[in-house]
Every structure is written in structure tokens, then in C-alpha cells.
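Trainee: Listed below, chain by chain, are the residues.
There are 2 protein chains.
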Amino acid sequence: MSLEQEMQQIGQQAREASTMLARATTQMKNAALEAMASEIEKQQDALMAANKIDMDNGEARGLNPALLDRLALNEERIAGMVEGLRQMIALPDPIGAITDLNYRPSGIQVGKMRVPLGVVGIIYESRPNVTADAAGLCLKSGNAAILRGGSEALNSNQAIAKCIQTGLEVAGLPSNAVQVFKTTDREMVSELARSSQYVDVIIPRGGKGLIERVAEAARVPVIKHLHGICHVYIDDEADASKAVSIAFNAKTQRYGTCNTMETLLVAKSVAGEILPPLAAQYLEKGVELRGCAETMKIVPQATAATDEDWAAEYLAPILSIRVVDDVDAAMQHIRQYGSGHTESIITENWTTARRFLTEVDASSVMVNASTRFADGFEYGLGAEIGISTDKFHARGPVGLEGLTSQKYVVLGDGHIRG
Amino acid sequence: MSLEQEMQQIGQQAREASTMLARATTQMKNAALEAMASEIEKQQDALMAANKIDMDNGEARGLNPALLDRLALNEERIAGMVEGLRQMIALPDPIGAITDLNYRPSGIQVGKMRVPLGVVGIIYESRPNVTADAAGLCLKSGNAAILRGGSEALNSNQAIAKCIQTGLEVAGLPSNAVQVFKTTDREMVSELARSSQYVDVIIPRGGKGLIERVAEAARVPVIKHLHGICHVYIDDEADASKAVSIAFNAKTQRYGTCNTMETLLVAKSVAGEILPPLAAQYLEKGVELRGCAETMKIVPQATAATDEDWAAEYLAPILSIRVVDDVDAAMQHIRQYGSGHTESIITENWTTARRFLTEVDASSVMVNASTRFADGFEYGLGAEIGISTDKFHARGPVGLEGLTSQKYVVLGDGHIRG
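The listed protein sequences correspond, in order, to chains A and B.
Residue numbers for the first sequence follow this note's numbering, beginning at 524 and rising by one.
Residue numbers for the second sequence follow this note's numbering, beginning at 524 and rising by one.
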């Protein structure tokens, strides 16, 4: 079977399943989530055995330790998948909700009903737990899912997929509601991204290279989780102790996440007061500092930051620091180098905070809070399938609602247009 | 200047203007709308003169009468543009609205703020009034606009653009907030659709050919207003008099609109009662009827409908009629041939109505109302820039809100993540 034929078959099965899912009751979807969770619990040994094959292959192929770590399944991670699915049962079902149902002068009632997108394609790398997460979120939001994991996790993903499909069948839903590609051919990614007749949205989860490759090939709308070059700006009217604690937390609470601060901006008039104690904390923690000329005068341990530094997503214990004139200069820097992910200002000044909130163009804009808060769980979405840096459709953490659309409903009683 | 260079210049100017528009107050935007309206009123003679050149050129080039009619400006149409701009002043400003601002367990407050998309590209054909409509909607929603009208309306569009830019300047807003291409090169459409660094969304308004050409070239998200193959299904529990009046209105109130019914579906058990009087009305009005075998037995004047008829958007006094077994067969026909625009059921049965509302996948789904209601004014959006048949971002009539995005705002008081 050619890639195109395989895509066609999987696509048609997904479309068919999606019409059944769109009318599945909340109760049925929750029953399927519970059955999926139970089956994963029951098949723990089979999952570990499948994962062992992937790990052995990975080691033989010389995958780096970070990749191997992400690939590994253990009891704790399997329990995490199970817990994740069970938490989705508790989330409110977004489908069918009717909002803004109002009478119009003509006498008709017009409102909006939340509906599934249809078929969601998810392309991801290494971490096999995404298979269960993505399947659960798509199911709860009434969408059929076509999943395409990384070749290094093929056996693990197939084993998880089997549990998911068993769960769907137990609950009386079509097992094709969640399909996982067996082909590891790289060309399949482009094939999926081109199949606008079968797929309503593509969500790539992975490195910048994967996302750009998908966006390039896509004929289907893409929800992109691109890079996060997040800034904290310490204003001249910042509370110094809040500033130090937030700037330290935003960089060091975790290094490898997209909402980690990569560049610290400090107002000139407070740099001399705030940078020395803050730099001391960073250095003690082992964070490498790179700064502008002004920063290097105040923090002698900092090396010179280049233009590449301002544009870098380090995902590592490295921080670039720039001293700026004021909030306008800070916002100008963010406009030039920011990736539209998350930006935070530390200030006690009402007007400055209000300007920053209004004028900064990013998926999350914060006042006096750590950029690390930017995620679906912290925002109360219950779960997330990614963080969108697009402005279109879904922006910021994408939970169940990002996987839905709305249609207009019109209720009349014989109404005709005059 | 090459097309690419021209696009770059216009694009950069639009981006710059868009950051100023994003922070423009409601008062400033409304003042600009009023100034634009006044200037158009004042320049009525100049607009008519410019339009005369286009009309003369069009006649010389042998444009068909329907196109010439759409191209023509007269006092009434100019007054319509002015009125349209003034109505936008009264619409609520969507920008800056914060919703769902709630405390989270961590102590931060998280909400969503409505923000402009940035730069909106609009590609349209013949009707010069779209220039004023689109400019006004983009301005009110805080977006910079790049407009690309049809070559046949070049002089009219430029004259309207001049009024709009004067209005922007009078109100202290950058005149580059609305730019109209002077190039009529067809390649410019693709250039615009590819310029994802300068444009946030493309809205093509015109025939299917234009829209498909834009979608094909696009690297920028597109809000597509594709064709409308709308159905009315008369259920076996329909009220006969409502059924006849709605089915007649949905077809004949206007023939050339995308929300006009193109195919009538009738339940077998009531076809014999309802079709004869309804067909008599259609025939008296001059509507050509094409039907399935069952229809032809009941309505001898109907000719045989082919598979192409079920898939046709006539935009003309032609109607295809199919007798179906029940609501399931009707929904199956709609799934197969519908374009996802607007679908209506006529029934007094609660359960059947509820099923149709839930299961039919279209931008508008109606019960006991004419499909002709599907537009932005009837739905209370105040104005519309098109009707989207996409599921992504904006679906159905697109008003000001469809031209916006939302960003998350996070308010803290020194909060860090634990």
C-alpha cells in the first residue's frame, strides 16, 4: 500500500468515526476514558516490554541520554498517563454548549453551539505518554484523532494505542476514533499535513525543525507551538524583592520549558540596585550570564551578549541580560526579539502595568508573576495539548476548547426573511 | 519596484501602523470612521468621476452587465457606504475586553483579553463599496488593512482609499492603517497570500476561482467564504404551511446569495401533500424545477436531476428537489452534498429538531427558519466581512470579533511557581 493509499484509508476511517464521536454523549466519552485508563493499568507489563524494545533499539542507534530519558516508560510514568486520562473525566464536556442565544428583531433566536473540529492530526516526538494524553483530549472534545509519533517510540506507541482502542470498544465507541500510524516513513508527516479532505487541524509537538517542516507542507490549518523567547522586564518602579524572586524563578525553576525566561530586561535606574544580588543568586545556581555593555559594568562575571543571544531560546542554564532606558525600550526589545509566547513586567506603577498589558503582543502577558505560570494546568484548562504562539483560532495554552469550533444555531417558528 | 519589493514596503508600513492601531482608543477609531464617512460624502463627485472611468473601461472591455452593475457607483450606493461606516461607530469596540478573569489556586488571576489580529489582507472583486466596508471593519477591530480590489475597479477603489486615508489623518491615526494596492498584477494576490511576516490573515471575497487560487498560494491563514449549497429539509412532522412558506422564501427571496436554498429535501410521507402547492408557487415565480424520480411523479413539470444538480450552487432560479425516506436520509444527503454553509429543518417534532441541530455539520443550522437569515446583520453582528465555511477560528458570518484574537493576561503580586 502506498503512503497515499494508507493515508486515504486512515483518513476515511477517521472521518467516519468522527461523525459518531460528534454525537457521543458525555457519559459514553467518560466511560471510554475510564476504560482506556484501566486497560493501560492492566497492560503495564506489556507496555514496559514494548518500551524495552524501543529503548534497546535507541541505545543501539546511539540516541542521546536526554532523548532516551524522554522515551523511557516506568511505573511512575504509566501511572501518570492513567491519572491524566482520569482527570479528563472530571473536566466539563465543551461539546454542545450553547451560548449567546438571543432573540433578534426578526423574531428568530440566534446562538452559538460548541462543536468538535472533526479530525485532529497530532505529530509528536519521543515521549510515548503523548499518545494517551492526545487521545484522551481529542476524545473528550469529540474529535477523531490520527496520531503520528516518532519512529524511536514505535513499539511503545503501538502498545498504548492498543489499550486506547480496547477502551473505546469497551465503551461502545469506534476503535478508529484514535488511530496511530504504523508507518515510520518521514514522508507520512507531509502526507498527513496535506490531507485537508480528511484532517481539520494538525498539531505538531516537538522541535522547531519538525514544526517548520509541518507548516511548510501543510494544506490543513496548523496549531503551532513554536519557540518561547520569554522576557521579564524589571521596571524602574518595581518592588525589588518581587523582582528578584520572580526573575530567579522564571529562569531557574525549570530550564528546558518554553515558558522559561531567556532574556532579562532591567530599567537603567534600578539595574545597579537589583542586578548584583540577583546575579549572585544566578551564579550560585550555576547560570551562565551574558549581558549588554551596561550589564557587564554592574555584573563583572557576565560575558558579552551578541545579537544571537537576544534571539536565542537557550532551554539551558544561560541567561542574557539587557539594561534598557524604560518600559518603551523594553517593549521595543520584546517586539524585535520576542517570539510572542510569554512576557512579564515587574512594576508597582498602575499606568505602566496597564500599558504593558495592552501593548505587548504575546500569547500571555503578565504583571508581577513568573513566566513559568504559562501553562494549561496553571491557567485552569485542566489539560493542554500544547501552547500556541499563533494568533489564529487558539492562542496560548490549548485545552479542550482549542480543539472545538462553534456553529450558529437558529431557532424559528416558521420565520421567513422579508 | 518588483512585486516583492512593493509587498515588502506595504507590509512594513502596515505592521508599523498596526502597533499604533492596537493601542488606539475607541474614541479615536470612531472619530476616524466619522471623518472617513464625511470625506466620502464630500468627495461624492470625485468618486463618481473615478467610477465613470472604470465603467467606461469596463464597457470597452466588454464586461458582462452583471459585473458592470456591481461595479457602478451612484448616489445611493455612496450613501450606503457612508451609512455603513457610521453604523460601525455604534458597534461596541471588541478590543481590550477582558473575560473570564478568575483567581487560580496559586493566587494569580488569569483572564483573556481581546486583541486585534494585526494586519488583515482582503482580496475582493468588482464591488468598490467593499473598500469602505473592509477598511471600516478592520479599523474598528484595531487591525491595519491591506486591500486588493479587482483591476476593473481600480480608479474607484483608489478614490475611496484617498477619502479613507484623509479620514485617518484627520483623526490622528496613521494613513497606512489602510492601504490599497495600486498594482493590478494578478501575481500580487499570491505575493500577498505568501507574506506571512507581514499579514496575519487573508480574507478573499469573490468567486470560487479566486478563493481557491488564494488558498492554494497561501502561507497566511485564510478565512474562506466558499460556496453555499444550502438545504431545507421538510420533515414528515413538518407544519405544512410553515414548510411551504419557508421553502418558497429560502429559494426565491434572492437567487444570487450564498444562503439561498439550492436543494429541497422532502420526507416521503408528506411529499404528495406538500410538493404540489409548493411547486405551483415556484413555477408561477419562474423557478425551474429538477427532481429525483419520486419528485417527477408528483411534479410532472420537473425534469430529471443529475448528480451534478445535487452538487450545484445555482445562484439562479433553479431548484433541485429530492424525496427522502426520513431525517437520517436527509442528513446523509447533506453530509454528502452540502458545503457546510446553512442547513434548515422544518419539523414540529422536538427530538428530530434536536438531532438535526446537533448532528448537522454546517456554519449555521436552523429549525423552522429560512436559510436566508444566515448573515451578519440578521445575526446581530452589526456588519460582516464575509461568511466563513471554515471550522477554524471564525465560522459563519464574520463580524468584528472574527477579526480579533485573544491573549491571556496574568495578574500577580510577586507570584512565583513552586
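Note that these hints are calculated values from the structure, not bench results.
Any given hint could be a false lead.
Since copy identity is lost for identical chains, a pair holds within one copy or between any two.
In silico DSS-like pairs for lysine-lysine, Cα to Cα no more than 30 Å straight-line [as the list claims (entries may be wrong)]:
hint : residue 1 : residue 2
1    : Lys791    : Lys808
2    : Lys635    : Lys765
3    : Lys791    : Lys705
4    : Lys635    : Lys731
5    : Lys731    : Lys747
Fair warning: this is a prediction, and the values are worked out from it, not measured in the lab.
Trainee: Hint by hint, note whether the structure agrees.
Mentor: Results of checking the hints against the structure:
For the homomeric pair Lys791 and Lys808, the shortest alpha-carbon distance inside one copy (25 Å) is at most 30 Å, but the shortest distance between copies (78 Å) is not. In the homo-oligomer, the alpha carbons of Lys635 and Lys765 lie at most 30 Å apart only across protomers (24 Å), although the nearest pairing inside one protomer, at 43 Å, exceeds that limit. Proximity of Lys791 and Lys705 under a CA criterion of 30 Å is satisfied in neither setting, with 56 Å inside one chain copy and 46 Å between copies. Taking CA atoms no more than 30 Å apart as the test, Lys635 paired with Lys731 passes between copies only; the shortest distance there is 27 Å, against 36 Å inside one copy.
In this homomeric assembly, Lys731 and Lys747 come within 30 Å of each other (Cα to Cα) both inside a single copy, at 10 Å, and across copies, at 28 Å.
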